[in-house]
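Engineer: Okay, here's what each chain looks like letter by letter:
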Amino acid sequence: MSDTFIWAVIVGMATANFVVRFVPIAVVSRVDLPRPVLRWLSYIPVSVMGTLVATEILRPGGELQLTLLNPHLLAAVITGVVYRVTRSFLGATVAGMAAFVLLRSVLGMA
Amino acid sequence: MSHSSADISARHGTRMTRASRFARGMRLGTPIFLGYMPVGMAFGVIATTLGFSVLQAGLCSATALAGAGQFIALAVMRTGEGVFAVLAATTVVNLRYVLFGATMSPHLKNMRLPTQAILAFTLTDETFAVNIDDQRRGLSSGASMAGVGAIAWIGWVAGTVIGAAAAGWIGDPTTWGVDFAMAAMFTALLIAMAETKRHTLIGIVAGAIALGLPELSRLGIHIASSWFIIIAAVTAATIGLVVFDE
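If you read the protein sequences in the order shown, they are chains B and D. Note that the working numbering has the first sequence beginning at 1121, numbered continuously upward. Note that the working numbering has the second sequence beginning at -8, numbered continuously upward.
Hints are computed from structural coordinates only; laboratory data are not their basis. Hints should not be assumed to be uniformly reliable.
[Unchecked claim] Between beta-carbon pairs, the in silico distance windows are:
id	chain 1	residue 1	chain 2	residue 2	range
1	D	Gly129	B	Gly1182	34 to 42 Å
2	B	Ser1122	D	Arg9	40 to 48 Å
3	D	Phe75	B	Gly1228	41 to 49 Å
4	B	Arg1204	D	Asp236	24 to 32 Å
5	B	Thr1135	D	Thr229	25 to 33 Å
6	D	Val83	B	Phe1125	30 to 38 Å
7	D	Ala157	B	Trp1127	21 to 29 Å
8	B	Val1205	D	Lys100	34 to 42 Å
9	B	Val1201	D	Pro105	36 to 44 Å
10	D	Val83	B	Asp1123	39 to 47 Å
11	B	Leu1184	D	Leu86	19 to 27 Å
12	B	Glu1183	D	Ile195	20 to 28 Å
13	D	Gly211	B	Met1121	32 to 40 Å
Built from N, CA and C at the ideal position, the CB exists for glycine as well.
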């Protein structure tokens, strides 16, 4: 790749990524949204999280794995239990990573 | 004398509060740091194979902070497309930030434009999740959100630079379980957010839709995977709005 092309990509990416993030915040935070819209927005975070978790856990690497031998699923259950007990995101994340490494080596799956 | 020293300590106290809020945000964001380092390393390694120098790879991560958007850009570059095709791809992948930004906005109402710009710059899936959860607890502030963004940025940029500089001898970082870091953090955040039956149901519906969308290809309906998150989240939130009364 030419150096000019790479620099153009870097500058363009910086601009494109900032605009798509900043404009909605700058505009929407300056208007009063109707109540139904606010309620709809309040459901977005849990929806996004459900989407991300389902995809990461049950479709790891793009392949649907609806089995109890799926190390991602088992490690996620352990992560969830640790979070419920400790209420620590860091503790749950580290426990989940450790459980995943262990389960993956035991179950012999990627 | 005592008057002025009281003033100084009061001023100092205020400054400490803001600094400690920022530090609290950095602690909150530590799981993000753990997840971003290895993924950033992977980006650094791949970028060097396309001709990026260490400086260019690091600058790209430092100014775009786009995760999946950056990987897509590399993939499009590899196909030999031009700059505009690269930018179109990264923009489509990051369209969900329009949704995230709108969701954050009610919490950012009284902030000045430069503060909003900093928080917008560090808006990612992971910082969004951590900050929105913190807001739900009523603990979040501009300083804490900036702290979350800072630790995420450090992890992403440091990972990229390490990956690009050591592309030759870094092994496969996935052997340490780092590829599960994001999934683990999302799982803990999902459980934290699913506090009522209503939210739990909406989260499950969203997950089911996300898993079902790729299956539509069997019916001849092909949707690019970059749209899955936004379609599933919008549909589930809309179902929630229609089904549940206020």
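Engineer: May I ask which of the numbered hints given earlier this structure violates, with the numbers listed in increasing order?
Structural biologist: 6, 10
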